[in-house]
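Q: Sequence:
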Amino acid sequence: MNRGPESPSLLKISVRRPNGLRMENFENRRINWDSFEDWVRKTHHKGSESVSGTVRYAKRYSFILFNPSEASILQTFTRDKRRLVMASLANLSEYLGIYDWWKYIVEKADLKYEKRTSLEVVTDILNSHIKGTKQWLLKAVKTLPKPHSTVLVFNALTGLRPTEGCLSCKLITELSSKRELNKYLDKELMMLQHFKFKDLFLRKSKNCYISFISKDLLNLVLENEPKIMSARTIAKALRKRGYRNPLNDLRKLYATTLKEHLPTELIDLLQGRVSQSIFLRYYYKPTLTQIKEKTLKAIEPLQKELLAIMKG
Numbered sequence: 001m002n003r004g005p006e007s008p009s010l011l012k013i014s015v016r017r018p019n020g021l022r023m024e025n026f027e028n029r030r031i032n033w034d035s036f037e038d039w040v041r042k043t044h045h046k047g048s049e050s051v052s053g054t055v056r057y058a059k060r061y062s063f064i065l066f067n068p069s070e071a072s073i074l075q076t077f078t079r080d081k082r083r084l085v086m087a088s089l090a091n092l093s094e095y096l097g098i099y100d101w102w103k104y105i106v107e108k109a110d111l112k113y114e115k116r117t118s119l120e121v122v123t124d125i126l127n128s129h130i131k132g133t134k135q136w137l138l139k140a141v142k143t144l145p146k147p148h149s150t151v152l153v154f155n156a157l158t159g160l161r162p163t164e165g166c167l168s169c170k171l172i173t174e175l176s177s178k179r180e181l182n183k184y185l186d187k188e189l190m191m192l193q194h195f196k197f198k199d200l201f202l203r204k205s206k207n208c209y210i211s212f213i214s215k216d217l218l219n220l221v222l223e224n225e226p227k228i229m230s231a232r233t234i235a236k237a238l239r240k241r242g243y244r245n246p247l248n249d250l251r252k253l254y255a256t257t258l259k260e261h262l263p264t265e266l267i268d269l270l271q272g273r274v275s276q277s278i279f280l281r282y283y284y285k286p287t288l289t290q291i292k293e294k295t296l297k298a299i300e301p302l303q304k305e306l307l308a309i310m311k312g
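Residues in the sequence shown are numbered from 1 upward in steps of one, following this note's numbering.
If you're looking for bench data, these hints aren't it; they were derived computationally from the structure.
By construction, the Cβ of each residue, glycine as well, lies at the ideal position given by its N, Cα and C atoms.
Some hints could be false.
Derived Cβ-Cβ restraints for the label pairs, each shown as a range [stated by the list, open to error]: (1) Pro263 with Asp199: 22 to 32 Å; (2) Thr43 with Lys112: 22 to 32 Å; (3) Gly242 with Ile73: 41 to 51 Å; (4) Arg60 with Leu189: 53 to 63 Å; (5) Pro286 with Thr264: 15 to 25 Å; (6) Lys198 with Pro286: 18 to 28 Å; (7) Tyr284 with Ile73: 53 to 63 Å; (8) Ser35 with Glu300: 47 to 57 Å.
Work out the full structure, taking the sequences as your base and the hints as a guide.
A: Dropping the structure here:
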């Protein structure tokens with residue numbers, strides 16, 4: 001096969017012929033890396049990043065094709081890196097016409113093309129999605145008007161549903177103006193008692209009972225007074241500025257942030273995914289104090305980032 005003109009970046013190949021394998025296409029050859037890159041792009045239709053990664057790994061570990069005893073180094077790599085390097089070398093060997101030789105190396109070194117389990121794939125997707133939500137949030141908070149940004153921050157740090165977050169901010173503002181915030185906020189626990197306002201927060205299928213907030217978050221709401229907001233209003237403002245509308249993803253971000261500090265059943269409690277009878281089991285002071293401390297500790301890093309932007 002014609003591999004095209006040789007590039008300045010060439011690697012001289014000279015290996016001993018192993019018994020039982022035909023090596024005519026491998027001995028005394030030069031690797032044309034530019035031509036190899038074109039071949040990968042044409043035969044696999046990969047994106048530029050995948051192509052460059054394949055060529056990069058093939059260049060770095062091509063010595064394994066010439067010295068099979070070095071293949072054991074692949075066993076020291078992480079599973080994902082080992083799979084990528086092996087795939088790159090498989091492509092290189094196919095390009096050179098010595099794929100049988102590569103299969104021989106793989107067999108002798110007892111190498112395996114290990115794939116991630118379905119659960120690992122899903123977990124990676126979810127983690128990536130959550131990271132994307134956080135980055136979206138940090139950008140949106142910078143560009144939206146302060147009342148809108150305040151609701152986004154509030155939702156991210158309480159895990160409330162979009163409409164619940166808007167109602168809660170509005171209620172805080174209105175009660176504070178009447179000096180009646182104590183009807184809603186337990187200041188000792190810094191706990192918003194949504195359950196006291198049944199018409200707003202207790203519905204047939206979707207409830208929210210309590211939320212723990214920091215004094216800094218409370219002050220942010222009182223300062224910006226987002227009392228005429230609705231989830232639709234925020235969504236419209238986001239679209240106007242070219243953002244998609246993943247308000248519900250803020251709830252997932254909150255749950256993910258808490259998962260290393262609280263068991264699932266308590267996260268469900270804070271997000272209203274439990275019945276009223278189960279909520280009442282947890283409603284006594286010692287337990288609530290512990291939940292509050294762990295919750296505020298969990299959200300502290302995210303809160304610092306968000307409040308720093310709001311103050312900027």
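Q: Next step is simple, just say for each hint if it's right about the structure.
A: Hints, verified against the model:
no.	hint	in the structure
1	Pro263 with Asp199: 22 to 32 Å	holds (31 Å)
2	Thr43 with Lys112: 22 to 32 Å	holds (24 Å)
3	Gly242 with Ile73: 41 to 51 Å	holds (47 Å)
4	Arg60 with Leu189: 53 to 63 Å	holds (57 Å)
5	Pro286 with Thr264: 15 to 25 Å	holds (21 Å)
6	Lys198 with Pro286: 18 to 28 Å	holds (26 Å)
7	Tyr284 with Ile73: 53 to 63 Å	holds (59 Å)
8	Ser35 with Glu300: 47 to 57 Å	holds (54 Å)
The earlier numbered hints are all upheld by this structure, with none contradicted.
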